[in-house]
Structure formats: structure tokens, C-alpha cells
Amino acid sequence: MKKGFLIFAALLFSMAFIQGCKKGSDGTNGKYGIKAGSFTYVMNLGFGPVETVTYFDDYGAKECSETKTEMKLFGVKISQHNRTLTKDGYSYNLDLTKKTGTKMKLEGLGEDMKMSFAAMSAAMKDSITVKELGEEDVIGKKCRKIEVTMKDGGSMGTFWLWKNITLKMENKDKKTGAAFAFTATKVEELSSVPNDLFEIPSDIKITETTMPAE
2 MKKGFLIFAA LLFSMAFIQG CKKGSDGTNG KYGIKAGSFT YVMNLGFGPV
52 ETVTYFDDYG AKECSETKTE MKLFGVKISQ HNRTLTKDGY SYNLDLTKKT
102 GTKMKLEGLG EDMKMSFAAM SAAMKDSITV KELGEEDVIG KKCRKIEVTM
152 KDGGSMGTFW LWKNITLKME NKDKKTGAAF AFTATKVEEL SSVPNDLFEI
202 PSDIKITETT MPAE
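Per the working numbering: the sequence shown = residues 2 to 215.
Hints listed in this document are in silico derivations from the structure and should not be mistaken for laboratory results. You may find that some hints are simply not true.
[As the list claims (entries may be wrong)] No farther apart than 30 Å at their CA atoms in a straight line, the calculated lysine-lysine pairs in the DSBU-like style are these:
(1) Lys99 - Lys206
(2) Lys176 - Lys132
(3) Lys143 - Lys187
(4) Lys169 - Lys69
(5) Lys63 - Lys176
(6) Lys173 - Lys187
(7) Lys104 - Lys63
(8) Lys175 - Lys100
(9) Lys169 - Lys142
(10) Lys173 - Lys143
(11) Lys106 - Lys88
(12) Lys69 - Lys146
(13) Lys173 - Lys73
(14) Lys175 - Lys143
[Said to hold, decoys possible] Ranges between beta-carbon positions, derived for each pair:
(15) Gly135 - Glu189: 18 to 26 Å
(16) Glu52 - Lys106: 39 to 47 Å
(17) Leu107 - Lys73: 30 to 38 Å
(18) Ser193 - His82: 35 to 43 Å
(19) Ala182 - Thr130: 39 to 47 Å
(20) Thr41 - Ser192: 13 to 21 Å
C-beta atoms are modelled at their ideal positions from N, C-alpha and C, and glycine is treated no differently.
Given only the sequences and the hints, what does the whole structure look like? Please build it.
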């Protein structure tokens, strides 16, 4: 159940949470409530800090997340630099250190990723309970605060949302006591995002993959 809830939390993290999102240029509901912006997380996962900066445009139709990791294993310092892109109906996962990457068509995922929180909650109503907890400020932004609980009583998570962006999350497995939390260190609304963030570097070797079968 812990693994399932973490997957579910990651799903929540990447989806639109609020009804009535603005429209993207393709006329569909947008993933985020502002046209363009960026947000930054710095998380310490025990082996070292992990910094992720996400940029998006066209309400999330185009999105780029860049992750830098510094860690020590058996006294050896290891650095990783990864970038994930979503654009033109494809997801790209790039390893900027190894100069390799994968490309996958998001068949059937477009509408799911843009699903409102209310619609998602209805689809998962047999396994979760959602409770509204009012509003709270996080890094200067007034956020909608919600609590999501697995009906089996095993896990729960609290999310603070601003313009469909998760600025804070606290997740706990009641059975094992395992906990995970993060807070954004920075969020910005931008007039535009540099196009080069959404380009594939010429020195990256791309391999095309397919969505794994259920």
C-alpha cells in the first residue's frame, strides 16, 4: 500500500487539481491555472539534496523539469543531471550526463493529465477520501489546502495548491510511519518561457519507447 500511495501522490503532483482551468492554445483544459511559469523544489532524500526546477508554457501543454542530484555512495561523490520534457504529445526523459534519452508518445494520457481534481476524485472515489481544509499561505501564495486519505486507513497526504501547482505536500503511511514531505522554494508567473528549454540537445542520443502494457 505504501508503494501504491506514493505512486498516487506522484500522480496528484503532476495533475491539474482545480476545476475550471484556463484554455490552452489547442482549446483543451490546461494543466495549470496560469499560462507560463516556473517552480522549484529542493528535497533531501537521505543521500543528498535533489533540486528540481520546472518550467511550463501554454498552461502546461509544454513542460520541462530539470533535476540535479548530488550524492555520496560509499564515499564517492556522484552527480546526476536529468531533464524531462512534455511537448507535441510526447514525453522525453534525458540524461544530460550520459548524453542519452528516451521518447514516448503519450497515447491516451492527454486528457488524464489534464483531468480536474474533482473528476479524478470521482474516478477514485472507492479508494480515497478528499477533505477541504480551507486556505493557507505557502511562500507568499494563498493556497487551497486539501487532505487525501486512502479508505483502507493506510496512508494520507496533505496538499497545498496554488494555480494547480503543488507548493507543499506532506505524506504519511499510518501503518509503517514512513513520511515524506516537500515545500517549493520558489514559484514565478512568467510572461513567456525560453524556447530552448523545450529543445532536445543535439548531442543527446534518443531511443523511442512505448507505454508499458497494463
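Tested hints:
1. Lys99 - Lys206: holds, 9 Å
2. Lys176 - Lys132: Since the Cα atoms of Lys176 and Lys132 sit roughly 20 Å apart, the hinted pair holds (cutoff 30 Å).
3. Lys143 - Lys187: Between Lys143 and Lys187 the Cα gap is close to 14 Å, so the pair holds against 30 Å.
4. Lys169 - Lys69: Roughly 20 Å separates the two Cα atoms, so the pair holds.
5. Lys63 - Lys176: violated, 38 Å
6. Lys173 - Lys187: Holds - the C-alpha atoms of Lys187 and Lys173 are around 24 Å apart, at most 30 Å.
7. Lys104 - Lys63: holds, 15 Å
8. Lys175 - Lys100: Answer violated: Lys175 to Lys100 is near 41 Å, above 30 Å.
9. Lys169 - Lys142: Satisfied, since the Cα-Cα distance of roughly 11 Å is no more than 30 Å.
10. Lys173 - Lys143: holds, 24 Å
11. Lys106 - Lys88: Holds - the C-alpha atoms of Lys88 and Lys106 are around 10 Å apart, at most 30 Å.
12. Lys69 - Lys146: holds, 29 Å
13. Lys173 - Lys73: holds, 26 Å
14. Lys175 - Lys143: With Cα atoms ~28 Å apart, Lys175 and Lys143 stay inside 30 Å; holds.
15. Gly135 - Glu189: 18 to 26 Å: With Cβ atoms ~25 Å apart, the hint holds.
16. Glu52 - Lys106: 39 to 47 Å: Given range 39 to 47 Å: violated, Cβ gap about 29 Å.
17. Leu107 - Lys73: 30 to 38 Å: Roughly 36 Å apart at Cβ, these two residues keep to the hinted range, so it holds.
18. Ser193 - His82: 35 to 43 Å: violated, 24 Å
19. Ala182 - Thr130: 39 to 47 Å: With a Cβ separation near 20 Å, Ala182 and Thr130 fall outside 39 to 47 Å, so the hint is violated.
20. Thr41 - Ser192: 13 to 21 Å: holds, 18 Å
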